[in-house]
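*Asks:* Here are the chains, one letter per residue:
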Amino acid sequence: MGERLEQAPRVTDSGRNIAGRGKPRPAFALWGLLSAPLAWLLVVYVGSLALLVVSAFFSLDDFTGKPTTELTTSNISEAFTQGEYISLVVRSVAVAVAATLLCFALAMPTAFYIARLASRRTRRALVVALILPLWTGYLVKAFALRAVLAPGSDYGNGGFMSGLVGWSPGFGYVAVTLTLAYLWFPYMLLPIYAGLERLPNSLLDASADLGAGSIRTFRLVMLPLLLPSIAAGSIFTFSLSLGDYITVKIVGGTAQLIGNIIERALLAPNQPLAAAFTLWPMMIMVAYLAVMGRAGAFKNL
Amino acid sequence: MKKVSALAAALLGVVTLAACGGGDDGGAMLDELGEGEGAVNLVAWAGYVEDGSTDPNVDWVSDFEAETGCQVNVKIGNSSDEMVELMQSGEYDAVSASGDATLRLIAGGDVVPVNTDLIPNYADVFEGLKNKPWNSVDGKAYGVPHGRGANLLVYNTEAGAAPSSIVDMFSPDSPYAGKISVYDSPIYIADAAIYLMATQPELGITNPYALDQAQFDAAIAALETQKSIVGQYWALYTDQQAALENGSVTLGTTWQVIVNLAKANGAKIDATLHNEGATGWSDTWMVSSKAKHPNCAYMWLDHIISPQANASVAEWFGEAPSNAKSCALTADPNHCTTFHADDEDYFSKVYYWTTPTKDCLDGRDVECVPYSEWVNAWNKLRA
Amino acid sequence: MQLSPLARLVLRLVTYAVLGVVYLPLALIFVLSFNSAKSIAWPPVGFSTRWWEGFLEVESARDALLSSARLAFVAMFIAIVLGSMLAFALQRYEFYGKNVISFLAVLPIALPGIVTGVALRNTFVRFGWDLGFLSVVAGHATFCIVVAHNNVIARLRRIAPNLREASADLGATPFQTFRLVTWPLIRSAVLAGGILAFALSFDEVVVTTFTAGAGIQTLPQWILNNFSRPNVLPYVTVMATLVMLVSLPIAWLAQRLGDSNPG
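So the sequence lines, in the order shown, correspond to chains A, B and C.
Here the first sequence is numbered in this note's numbering, starting from 1 and rising by one per residue.
Here the second sequence is numbered in this note's numbering, starting from 1001 and rising by one per residue.
Here the third sequence is numbered in this note's numbering, starting from 2001 and rising by one per residue.
One should not assume that every hint holds.
Stated by the list, open to error - Keeping only pairs whose Cα atoms sit at most 27 Å apart, straight-line, the calculated DSS-like set for lysine-lysine is:
| # | chain 1 | residue 1 | chain 2 | residue 2 |
| --- | --- | --- | --- | --- |
| 1 | C | K2038 | B | K1268 |
| 2 | B | K1290 | A | K66 |
| 3 | A | K66 | B | K1075 |
| 4 | C | K2098 | B | K1263 |
| 5 | B | K1349 | B | K1132 |
| 6 | B | K1130 | B | K1290 |
| 7 | B | K1358 | B | K1130 |
| 8 | B | K1227 | B | K1130 |
| 9 | B | K1227 | B | K1075 |
| 10 | B | K1349 | B | K1325 |
| 11 | B | K1380 | B | K1358 |
| 12 | B | K1130 | B | K1140 |
| 13 | C | K2038 | B | K1075 |
| 14 | B | K1358 | A | K66 |
| 15 | B | K1075 | B | K1263 |
| 16 | B | K1140 | B | K1349 |
| 17 | A | K66 | B | K1140 |
| 18 | B | K1292 | A | K66 |
| 19 | B | K1380 | A | K66 |
| 20 | A | K66 | B | K1132 |
Honestly, the hints are just simulated from the structure, not real lab data.
Pulled out of the complex, with its shape left as it was, chain A reads as follows:
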């Protein structure tokens, strides 16, 4: 239930005199509340990101193999002008989009059923049942899917799917997409379910009263109202898929996504080059967040 408590008329909050207690000092309280988390987020996190971006312009000493403070654009040009890497980034975005769409395609009907059609008793049980895998651990699930998707061969056994139906997609981009969708499914389900719960029945009744069938109601009333929830869910699934490199190593075969290239550069070791590669997911996510923000995602995280 998401109804607001107490529908009293709104009264503004700050600067209000409280009888006998003196005027509250909102600025002081604000900074008291903000200072610690802000210090953490800004200094530690954003500062690190800024440092990383700067380090992308450092060059590697030929002799010692360590980063120097001499500035160069060679890392940026390597990461952004080489055709192989551009196609790698396109592939990564494609996989992330595909995984997100797959998550949505499965989460939407499921959330709809649970929120609106299932009985009250089964509702919580179903939600818990579908969220529980979130707790079993990323690696365990990835290896489990490896056991499911492993290809069969003339000389040995395949995985579960190959044994059951004689075929499996094998290791590669398809397996990666399927695995990523599997892993992040709860992150798409939860916001959509919450959004569906908050949908006032009165709107749906009104739509029916005005003569709209179920599909029209879904398309013209529910979907627009659910857009912020869907956008919020997609931020998780898209971002987690975009930067993933471990799943790629487990079920991807010879596939490589942008996270793998970043790891490779880091292990070369060539930290400035790795930093240059991280600019790709950073830029993509900032753009994605901007678009999703307009869809209202931030009000629904």
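The hints should help you fit chains B and C onto chain A, whose structure is shown.
*Replies:* Leaving out everything else, chains B and C in the frame of chain A:
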């Protein structure tokens, strides 16, 4: 306006901050061996530091820990690059470095010369391994030799006869197409160079680590062609082992230890050395310049090249030991002969992993492609 | 909304099919925990309970479990405190730069873990800070703060502001208002956020890999590292099954707290 100058100031601050920190103060060579510090952090190749957890009968760490009180913590490095990266962090005390890592570590100041007077077992090491270009500078030893060997070709015995050539690894009509396993590291470019030495001698390659731009481009082209027949690029040895066991890989570059492990799990495979000449390694245990446990590190070095331990690891991994006395202690009396432990002639034809530099390693007067370009090319190949 | 019986049936089938697909791999893991072979490849070779029996004796697994738990508790605590503070500040006050801060509060979970991990590692290494327990805590706390913040701010938005007004009118100090009015209304959200933060930290592997030094090994790292040590690998399946069983009541509790009606 205020916003812009605030941003500029912030950026300037960040750049200044970025320039600070991380100063390198290399440690000095140990003069005297003191008390053990209670622990030692190692970076090692898989199979070099076995404490019974892979196979209860394979353990040369527990006795070391009992004797010296130094608790061994090992981080497995899957490639020389990874080992260099780990050692640069300064978190580890010693590393078993191959020739393509040693000089980078020395140049980077990440390791210090080793005082071989403090390592009694050093005296018994084969003379042919001491004071080599990859483990010493100006006569100063930078480590103790661990052992050496060649990279082999593993094949599935049911898929065909033993391949005697690496052509099947590179040719587009290879009968093993789609089931080939290749080592996922830039250093593998040298194997492509060896392939070209045999199939395109007009390129004039004499040393697979000394490639001028034209030779390098040809090697990369060969690897691009190979991509279509590769089924697996392995970095973790257990990945290749699993693939050999379930038959999805029937030919590949490998280490003897992987073959042994997979065979023990029932894989129908065997290893062979192809006749074009192989890449290989000669590994050296080195001590970090930032070692927090230098005494334990020295004790480990002495232990791992002691006759019994060196014999055990050489047999488990499948390589030639560095200690001459180990040959009498191996379970298989012919081990040293099989692995050419004292055969300098044999090893003169093995191309040990080495770091390619701009100054050609074969002494030519042209410019060769340095390792940093090998890394870039390999990354683009894999992308 | 009226749906045809066919539509209802299809939706029900889809839901239960999804449920089945979600649990299939986990069921395989459970089955593989009784595999007699030293492998977690399918199919199992024979039946054996040895992994369940010897499980508690694997020292490295026990240590990893403790490491992860310790780390998750600390990260959760920091997350609850700082995340709640941030939620209060963002929900109650309008100020210059609020949108920027809201955006910043999303960044740690919106940017892929590898970016966060590489950035933090770069900072720690450059300043010569030791990579150990604290560096990992710093990494985990960063995204945990966001998760706790999300839960608390969502709840704060659903609480009418005039409740605080009424409390002040009745003569309560701001602290009394917090203790007697606000806190009871938000504490289940704080707890739910904390549980979620704990779960995220416990399971995290990417940021951990980049910010942990030689001496730390969390449970996910143990699992990853033990793919190079085939002998202890099957214990992973036992661990996974146990985690699933233990998580069931916790997940149910978190879900119940998360959508409970405040008040």
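*Asks:* Each hint: holds or not?
*Replies:* Results for each hint:
{"no.": "1", "hint": "C:K2038 <-> B:K1268", "in the structure": "holds, 18 Å"}
{"no.": "2", "hint": "B:K1290 <-> A:K66", "in the structure": "holds, 16 Å"}
{"no.": "3", "hint": "A:K66 <-> B:K1075", "in the structure": "holds, 22 Å"}
{"no.": "4", "hint": "C:K2098 <-> B:K1263", "in the structure": "violated, 63 Å"}
{"no.": "5", "hint": "B:K1349 <-> B:K1132", "in the structure": "holds, 16 Å"}
{"no.": "6", "hint": "B:K1130 <-> B:K1290", "in the structure": "holds, 24 Å"}
{"no.": "7", "hint": "B:K1358 <-> B:K1130", "in the structure": "holds, 26 Å"}
{"no.": "8", "hint": "B:K1227 <-> B:K1130", "in the structure": "violated, 39 Å"}
{"no.": "9", "hint": "B:K1227 <-> B:K1075", "in the structure": "violated, 30 Å"}
{"no.": "10", "hint": "B:K1349 <-> B:K1325", "in the structure": "holds, 24 Å"}
{"no.": "11", "hint": "B:K1380 <-> B:K1358", "in the structure": "holds, 20 Å"}
{"no.": "12", "hint": "B:K1130 <-> B:K1140", "in the structure": "holds, 10 Å"}
{"no.": "13", "hint": "C:K2038 <-> B:K1075", "in the structure": "holds, 22 Å"}
{"no.": "14", "hint": "B:K1358 <-> A:K66", "in the structure": "holds, 17 Å"}
{"no.": "15", "hint": "B:K1075 <-> B:K1263", "in the structure": "holds, 25 Å"}
{"no.": "16", "hint": "B:K1140 <-> B:K1349", "in the structure": "holds, 26 Å"}
{"no.": "17", "hint": "A:K66 <-> B:K1140", "in the structure": "holds, 23 Å"}
{"no.": "18", "hint": "B:K1292 <-> A:K66", "in the structure": "holds, 21 Å"}
{"no.": "19", "hint": "B:K1380 <-> A:K66", "in the structure": "holds, 21 Å"}
{"no.": "20", "hint": "A:K66 <-> B:K1132", "in the structure": "holds, 25 Å"}
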